[in-house]
Every structure is written in structure tokens, then in C-alpha cells.
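J.: Read off the chains here:
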Amino acid sequence: MKFPRIYSLKEIAELIGTTFVGSANFPISGCNEIHVVEPGDIVFVDHPKYYDKALDSKASVVLINKTVKCPQGKALLISKDPFADFNKLTKHFNPFTISSTSISKSSSIDNSSIIQPNVFIGNNVVIGKNCVIHPNVTIYDNCHIGNNVTIHAGSILGADAFYYKKRKEGYDKLLSGGSVIIEDNVDIGALCTIDRGVSGNTTIKKGTKIDNQVQIGHDTIIGERCLIASQTGIAGCVIVEDEVTMWGQVGTNSGITIGKGAVILGQTGVTKSVKGGKTYFGTPIDESRKKLKEMAQIKQLIKKEKK
Amino acid sequence: MKFPRIYSLKEIAELIGTTFVGSANFPISGCNEIHVVEPGDIVFVDHPKYYDKALDSKASVVLINKTVKCPQGKALLISKDPFADFNKLTKHFNPFTISSTSISKSSSIDNSSIIQPNVFIGNNVVIGKNCVIHPNVTIYDNCHIGNNVTIHAGSILGADAFYYKKRKEGYDKLLSGGSVIIEDNVDIGALCTIDRGVSGNTTIKKGTKIDNQVQIGHDTIIGERCLIASQTGIAGCVIVEDEVTMWGQVGTNSGITIGKGAVILGQTGVTKSVKGGKTYFGTPIDESRKKLKEMAQIKQLIKKEKK
Amino acid sequence: MKFPRIYSLKEIAELIGTTFVGSANFPISGCNEIHVVEPGDIVFVDHPKYYDKALDSKASVVLINKTVKCPQGKALLISKDPFADFNKLTKHFNPFTISSTSISKSSSIDNSSIIQPNVFIGNNVVIGKNCVIHPNVTIYDNCHIGNNVTIHAGSILGADAFYYKKRKEGYDKLLSGGSVIIEDNVDIGALCTIDRGVSGNTTIKKGTKIDNQVQIGHDTIIGERCLIASQTGIAGCVIVEDEVTMWGQVGTNSGITIGKGAVILGQTGVTKSVKGGKTYFGTPIDESRKKLKEMAQIKQLIKKEKK
Numbered sequence: 079m080k081f082p083r084i085y086s087l088k089e090i091a092e093l094i095g096t097t098f099v100g101s102a103n104f105p106i107s108g109c110n111e112i113h114v115v116e117p118g119d120i121v122f123v124d125h126p127k128y129y130d131k132a133l134d135s136k137a138s139v140v141l142i143n144k145t146v147k148c149p150q151g152k153a154l155l156i157s158k159d160p161f162a163d164f165n166k167l168t169k170h171f172n173p174f175t176i177s178s179t180s181i182s183k184s185s186s187i188d189n190s191s192i193i194q195p196n197v198f199i200g201n202n203v204v205i206g207k208n209c210v211i212h213p214n215v216t217i218y219d220n221c222h223i224g225n226n227v228t229i230h231a232g233s234i235l236g237a238d239a240f241y242y243k244k245r246k247e248g249y250d251k252l253l254s255g256g257s258v259i260i261e262d263n264v265d266i267g268a269l270c271t272i273d274r275g276v277s278g279n280t281t282i283k284k285g286t287k288i289d290n291q292v293q294i295g296h297d298t299i300i301g302e303r304c305l306i307a308s309q310t311g312i313a314g315c316v317i318v319e320d321e322v323t324m325w326g327q328v329g330t331n332s333g334i335t336i337g338k339g340a341v342i343l344g345q346t347g348v349t350k351s352v353k354g355g356k357t358y359f360g361t362p363i364d365e366s367r368k369k370l371k372e373m374a375q376i377k378q379l380i381k382k383e384k385k
Numbered sequence: 079m080k081f082p083r084i085y086s087l088k089e090i091a092e093l094i095g096t097t098f099v100g101s102a103n104f105p106i107s108g109c110n111e112i113h114v115v116e117p118g119d120i121v122f123v124d125h126p127k128y129y130d131k132a133l134d135s136k137a138s139v140v141l142i143n144k145t146v147k148c149p150q151g152k153a154l155l156i157s158k159d160p161f162a163d164f165n166k167l168t169k170h171f172n173p174f175t176i177s178s179t180s181i182s183k184s185s186s187i188d189n190s191s192i193i194q195p196n197v198f199i200g201n202n203v204v205i206g207k208n209c210v211i212h213p214n215v216t217i218y219d220n221c222h223i224g225n226n227v228t229i230h231a232g233s234i235l236g237a238d239a240f241y242y243k244k245r246k247e248g249y250d251k252l253l254s255g256g257s258v259i260i261e262d263n264v265d266i267g268a269l270c271t272i273d274r275g276v277s278g279n280t281t282i283k284k285g286t287k288i289d290n291q292v293q294i295g296h297d298t299i300i301g302e303r304c305l306i307a308s309q310t311g312i313a314g315c316v317i318v319e320d321e322v323t324m325w326g327q328v329g330t331n332s333g334i335t336i337g338k339g340a341v342i343l344g345q346t347g348v349t350k351s352v353k354g355g356k357t358y359f360g361t362p363i364d365e366s367r368k369k370l371k372e373m374a375q376i377k378q379l380i381k382k383e384k385k
Numbered sequence: 079m080k081f082p083r084i085y086s087l088k089e090i091a092e093l094i095g096t097t098f099v100g101s102a103n104f105p106i107s108g109c110n111e112i113h114v115v116e117p118g119d120i121v122f123v124d125h126p127k128y129y130d131k132a133l134d135s136k137a138s139v140v141l142i143n144k145t146v147k148c149p150q151g152k153a154l155l156i157s158k159d160p161f162a163d164f165n166k167l168t169k170h171f172n173p174f175t176i177s178s179t180s181i182s183k184s185s186s187i188d189n190s191s192i193i194q195p196n197v198f199i200g201n202n203v204v205i206g207k208n209c210v211i212h213p214n215v216t217i218y219d220n221c222h223i224g225n226n227v228t229i230h231a232g233s234i235l236g237a238d239a240f241y242y243k244k245r246k247e248g249y250d251k252l253l254s255g256g257s258v259i260i261e262d263n264v265d266i267g268a269l270c271t272i273d274r275g276v277s278g279n280t281t282i283k284k285g286t287k288i289d290n291q292v293q294i295g296h297d298t299i300i301g302e303r304c305l306i307a308s309q310t311g312i313a314g315c316v317i318v319e320d321e322v323t324m325w326g327q328v329g330t331n332s333g334i335t336i337g338k339g340a341v342i343l344g345q346t347g348v349t350k351s352v353k354g355g356k357t358y359f360g361t362p363i364d365e366s367r368k369k370l371k372e373m374a375q376i377k378q379l380i381k382k383e384k385k
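Chains as they are written, first to last, in this note's numbering: chain A, 79 to 385; chain B, 79 to 385; chain C, 79 to 385.
These are calculated hints, taken from the structure and not from any lab test.
Treat the hints with care, since some could be wrong.
Said to hold, decoys possible - Derived DEER-like restraints, expressed as beta-carbon distance ranges:
{"no.": "1", "chain 1": "A", "residue 1": "250", "chain 2": "B", "residue 2": "125", "range": "31 to 41 Å"}
{"no.": "2", "chain 1": "C", "residue 1": "365", "chain 2": "A", "residue 2": "350", "range": "41 to 51 Å"}
{"no.": "3", "chain 1": "A", "residue 1": "242", "chain 2": "B", "residue 2": "130", "range": "39 to 49 Å"}
{"no.": "4", "chain 1": "C", "residue 1": "367", "chain 2": "B", "residue 2": "380", "range": "54 to 64 Å"}
{"no.": "5", "chain 1": "A", "residue 1": "250", "chain 2": "C", "residue 2": "80", "range": "33 to 43 Å"}
{"no.": "6", "chain 1": "A", "residue 1": "242", "chain 2": "B", "residue 2": "365", "range": "20 to 30 Å"}
All C-beta atoms in this analysis are idealised placements derived from N, C-alpha and C, irrespective of residue type, glycine included.
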């Protein structure tokens, strides 16, 4: 999430009510989660296990719940509750806005695109050329849709990330300030859900085709020319490289990478990152050749045993 | 399903066209299915296998297709077709009502709650304080939603139970007269379905967070502070106790109980009731530690065999 | 897809810009895919592997990318790109039409049927007697719905087939010109997707009951009195015979047949055609009795090994 202008460290510290370590004028351009953070960004960390990762990341400012040594060229925001204070940033820079009309006047939709009846288009949505948005689709605020994109009925772009912190009194939600980017020539089936990023974007790259009832989690990046069959669920913060094929009802863990050109057979549970160019099957995942051989060997063992 | 007033046994017998055993003035306050039935209620039974269970239940009146001995302090409604006659009760006391507007004037929505465009809210729906109902959500008649509840786009609360009786000429539907109760601080993702109860209620207790594309069947009760990830399907008449975590694409059988604090890993098929406080995996379900060990042992057996 | 009148071979060749082999007046009544093609129809083929299948099919005209010997009594359309030229036929005879209203004036809805608010009904849709169409349902152009049909909220009938051809520059879509046929006494749950056929129809036969979040692919035929539980995904070109029961989260491959009266247990992956009258379980699919026995035997082998 980029801020609308450069803020100073002091300004941000005052905004969210923290102290700071570093020059009061230290420039800050945005905030992001650790896996997509860029120079100029704030990143937050509230668990000692991840302190080093955050301090060593590309982030220029670390929002942290301990007074640690400030890495050179960086700044710190010292907070009792970095999670809650990060939410303050999202609330300030990208607050939820009520829509009074089905299609927001602040959206920008090219004249060549077709919006069928009963569609909801939120604030600041951009839709390119020659798109068809079928009935009952919901596009939340700030989503960007390229050219030649088809979205079938009932699909939902930009709902909140499923991201909670367990506290004594229950789950606390990390607010979503990111968005959804759909590149050119993408087809999205009916009743899909593509969540927006927490502070970055969920991106579907050009030429990818998605079947019905597919779920794509927050901050996930789907490469170019992928084929994703029905009822597949891709968790948050996943990287699917180009030309990956996923058959029906596949599920994935969060935070993994699926290599270029991989083929994931139906109902597979992608429990870890897998290399490209191969075909996979099963839960836990394995190369399909190996998995099927193993299954045959088990049958033989049983047969032998019975004799 | 509670009736609007106390009815007499004779009144109900006339209403649904059955004979009765017991005092004509025997008071009846409602009807329910066997697993949630309460004193004052009618329960129905049409299979000899379940006669004793129904007669011994908390129900005060048993709608039954055989003239059996009436248990003390109870009454009987003798019917050729208890299933069809139970439907008559639902049809009479909670008939389907057409909605002429997207938001029924008989609904009660607190001023502090936000209803985004294209939402449908049925008759007698109650929505508490500080809720956000996102676009294209459908809330059927009689659903009750607490405070601080977020429902993301396209979710459906209160569709009919999937409950049929096989007859020679095809499937006969048990009408749904129950409702959906969403307690305080619940978040529901996009494109979820939460069916209403057949005669009781489907309940999501306070602080529970539900991801996208989750299905929750009729009369199921989800405890407090549960976390249910995307594309999980929970069948009808299930009890999920407090603080249960279910990862993505989990499925369950109907009528089971998942104990407090259990963690169900992704794609698991919960084929039977499981105790709380443990982590489970696989179909059929087992403790994940055991299951993963078993999988490793199988691989070793095959390896050994090949030598 | 039937054409509105009989066309001559020459007319079609000019329409799609191909040469032809056969009499210029050779009559053509429609076009279809190979598995549902009928006499009078055009079928297309672009891979040598399938040439014979297409030439030997019931099709009267073969749209093909090689000048082969024309079978007796048939005709050929010779094309550099049969896939693209088949799309021209669909575009010409069944082009996508924008809807300016939520309920098209060209639709035919019986007075006895109830259409709840926020429903979209496309052009030339037919809805029979005593149907209930719940809120936020989308029915695309040309769908036919019989009598006594209930469609719960948010379901989508008639979205495009997920059918692409891989080209060097990315995936090319086969346009869908078929439709969806829902016969009498069918119930469809909330948030289901039933795609239309590519050139034939996707059909749900009478008395079948479908739970929530079920996906049914293009050109698939579901028999009479089937029961399909929640989150099941049936691929394209599948034949499900009468009285089949499929429990939750079942998935199927495309192009297979499930025999009459088969029962498919939850989460099963129907990886191949299966005979009727039996119960199946697991991925890859097997008879459940065998599968469960095998699982028990594996456990015993491990136990024995440990001694």
C-alpha cells in the first residue's frame, strides 16, 4: 500500500501513537507485509521469532514491539501492539467506504466494456477495454481490471483477506488495504472469489483462465497463461508461476511457490513448494509418477501377504 | 420451531388430519427434530428402527405411523405419513413468503449497520449494531444477525436444508421451518452458504471467523471463536465445539461432533466424531501424528520390499 | 446447436471462409461436438489423432484441417483452423447479447412461478409452472427450466464452458453456443454453477436434487432422481445415469459415465467410468468395500512389521 505522498517518520508515529527511533524527517512512502515489502515501506513484526527477518528485510521502517538496535539507514516505530498499529495505517490510508450506488461514480469503465445488470462496482475501480462483466458480480473498491477480461456471474473480486491474530479475547482481524489486479485476456468463471491483498495486491497475470468456484487468497500471484480448474482453492501469499495447470478441487498451503509449467492433478493438496515442469498428485503432494507407482506397490504387498 | 401460541393436541390433529392418543387439551408449544427436541414439542418418526428413540426423547408428542403404547405424560399423533404431516406443520406455521422488495419492510436493521447495494434481506430478518453486509448477499426470512458481524459479498444465509425422503416416485422434500442465528463478532467470507435448520436453528456462535466458499448445513452449531478456512463443507446436524480450527477443503459427515480446540488439517474428511485438543488429518480421519507416521511406514515397507 | 433453418454447404463455407468438398447444396441443420453430434450436423476436428473418429461419427459434415477422402453421403469443410472456424459458427448463430434489464422481455415465465428480487434472467429463457427462483440467481440466455423447479439464491445457470485450445500465444477459447435444460421437479441449492453446453445442452433430468455449491460442467447430463451433495464438482461431458447418489466434495474427470444407482462416497475422485449399483470411495476411485479392506490390510502390515 503506497501512501498518497511521502510522510515523515514523525508524522506516522503521531498518526498511530508510537515512539520512534531515527530522524524525525525520515521519509516513508507506504507499508507492506514482509514478503512484498519495498524500500520506503513500513513492515510490522510482533514476534521475536521474526524480528531478524523484519529488520533484515527491504523495509526502511520496522514497526516493532521491542526497542532493538536500529539497522543502519533504517528507522523504527516502537509500539506495544504493532498488529493494531498497522491496522491504524490501513484504516487511515484506505478506509472502508460505503457505496450508495451499485456502480460507483468514481469508477472508470471503458465504453467498449459490457456491464450486465445487477453488478456491483465499488469506488475507484478501473475496467479496461472489451471486458464483459456478467450479472451479480461484485467488484470491491480499488480493483484494477485490464483489457479483454471476462468475469462470469456471481464472482467476487476484492473481499477481505482471511487473516487473524489470536488474542485472549478472540480473533483480531488484520485489515486489508491492498487490492486485486486482473491483467489482460484473463477469463474468470462463475462464483469465484479473489481476495484483495493485505497491503500488497493479489494479481492474476495475463492470459490466465480460471474455471468456476475457484478461491484465490490474499496477496497471491498467479502467473501468465495458467489454467485453473473448478473448485480449486489457492491460499494466501502463494506464487503460481507461468503456465501452471491445476485441475479440479486442488488445494494449497499458504506461502508456497508452484514452479513454471507444473501440472497439479485433481484433488491434490499442494502441501509444499514444488518445482516446475513436472506433474504432481496426492495429499501430501508427490510427483504423480511416484505416487501412482507407490499405490501399485502397496496393492502388490497386500496381495503377496494374503498368499 | 416454536408455535405462536400453545396449541391443543386436538387442534394440531385437526390441522394435519391425524387421529391422536392422549387428552384433547394436551398442550403443544412447537415441533422439532429428534436431536434438538424439547419438552412441549412434537417430534416425528416413520421408521420402526427409530420408534424407541422418538418415544424416549424429550418430545411431549410423537407423530408416528403406528399405534404404539403412549409413554406416560406424553401424547401421540397417529399418521399414515408422519413426514408429510410434519411438512404440513411447517407449511402452516412458517410458510414461504414472497418478497416484493430487496429489503423487506418487516426486517429490523440497526441504524449503525451498513447494507451495501444489491443485498436481499427477507422478512423478519434482524440485524444488530455495527454490521457490514457486502453486495449481493442474500439473507432469507427470519435470520437473526448479532452485533459487529461482517458478511462478505455473495454469501447466502438461510437457504433450505438438503433433506429428502426417498419415495417410490422420487425424492420428497422435508420443508425447512428453522432459521440461521449469527452471534456477535462473527465474520463470514464471500460466497458462503449457511442453510437454515429444518425445525431448529443453524447457529454460528460469537467470535467465529469463516473464510470464503464455506458450506454449513442445516441445524449445525458452530461454537465460539472457531476458525474455518476456505471451501470447507460442514454437513447438517453437526456440532463443532468452541475454538475448533478447520483448514481448507475439509469435509464432514452429518450428525458428528468435533471436540473443543480440535485442529482439522486441510482436505481432511471428518468421517466420525473426534475428541477435542488434538490435530487430525486424512480421509478417513485419524490423528495427524499417527496418519503421517503410517504414511512414512508404508513408504519404508515398499522400500524394504524392493531390496 | 441447431441452425434456425437448413443451410447449404456453400452458404456455410462462405460464412466461415473455407473451401468445401461435396455438393454445394448439401443440407446442414446444425453443429455439435463429437460426443453429441447428429446427422445433419457439422463436427470439427483439428488433430490427426481424431480424424477417423470425426469422419466415422454421425456428423454429416466434417470441418477439418486436411484434405482427406470424403466419406460417402457426407461433406467436408476444409479449414486451416477448424477451432477458430467453429467459433465463427457459434458467433454467427448464437452471439452474446447484452441485456439491458434484469429480466429480459424476451423471456417466458409462467405466472405461477415466483421470481424473488435481484434475479437476472437473460434473453429467451423459459421458466415453467410453480417454480421458485430465489434472490441473486443468474440465468443466462436460452436456458430452459421445467415445472416445480426450485433454484436457491446465488446459483448461476448457463455460464460458459471451460474449454480452451493451447496456442503459442496463449489459450484460445471455444465459444459456448449450447444451453442448460432443467427438467421438472429439480431442486438446485444455493451458489451452484451449471455451465451451458458448447454446442449441445447441459441437462439435469427430472426429480434430481442438488445441494449447495455444486459445479456441473458443460454438456454433462445428470439422470433422473439423482442426489448430489454439497461442493461436488462434476466435470464437462459426463454422463450420470439415473438414481446416482454423490456425497459431498466428490470430483469427477471429464467424459466419464457413472452407472445407474451408483453411490459415490464423500471426497471421492471419480477418475474413470464406474458401473451402476455399487458404492465407491477414494481417489483413484475403487469399490468402497475393497478400498476400506485395503486400508485395513495396510494397517495390519505395518503392525506386523513393527513386531
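J.: The structure should be examined with respect to each hint, and the outcome stated for every one.
T.: Quick rundown of the hints versus the structure:
{"no.": "1", "hint": "A/250 with B/125: 31 to 41 Å", "result": "48 Å, violated"}
{"no.": "2", "hint": "C/365 with A/350: 41 to 51 Å", "result": "32 Å, violated"}
{"no.": "3", "hint": "A/242 with B/130: 39 to 49 Å", "result": "45 Å, holds"}
{"no.": "4", "hint": "C/367 with B/380: 54 to 64 Å", "result": "24 Å, violated"}
{"no.": "5", "hint": "A/250 with C/80: 33 to 43 Å", "result": "59 Å, violated"}
{"no.": "6", "hint": "A/242 with B/365: 20 to 30 Å", "result": "25 Å, holds"}
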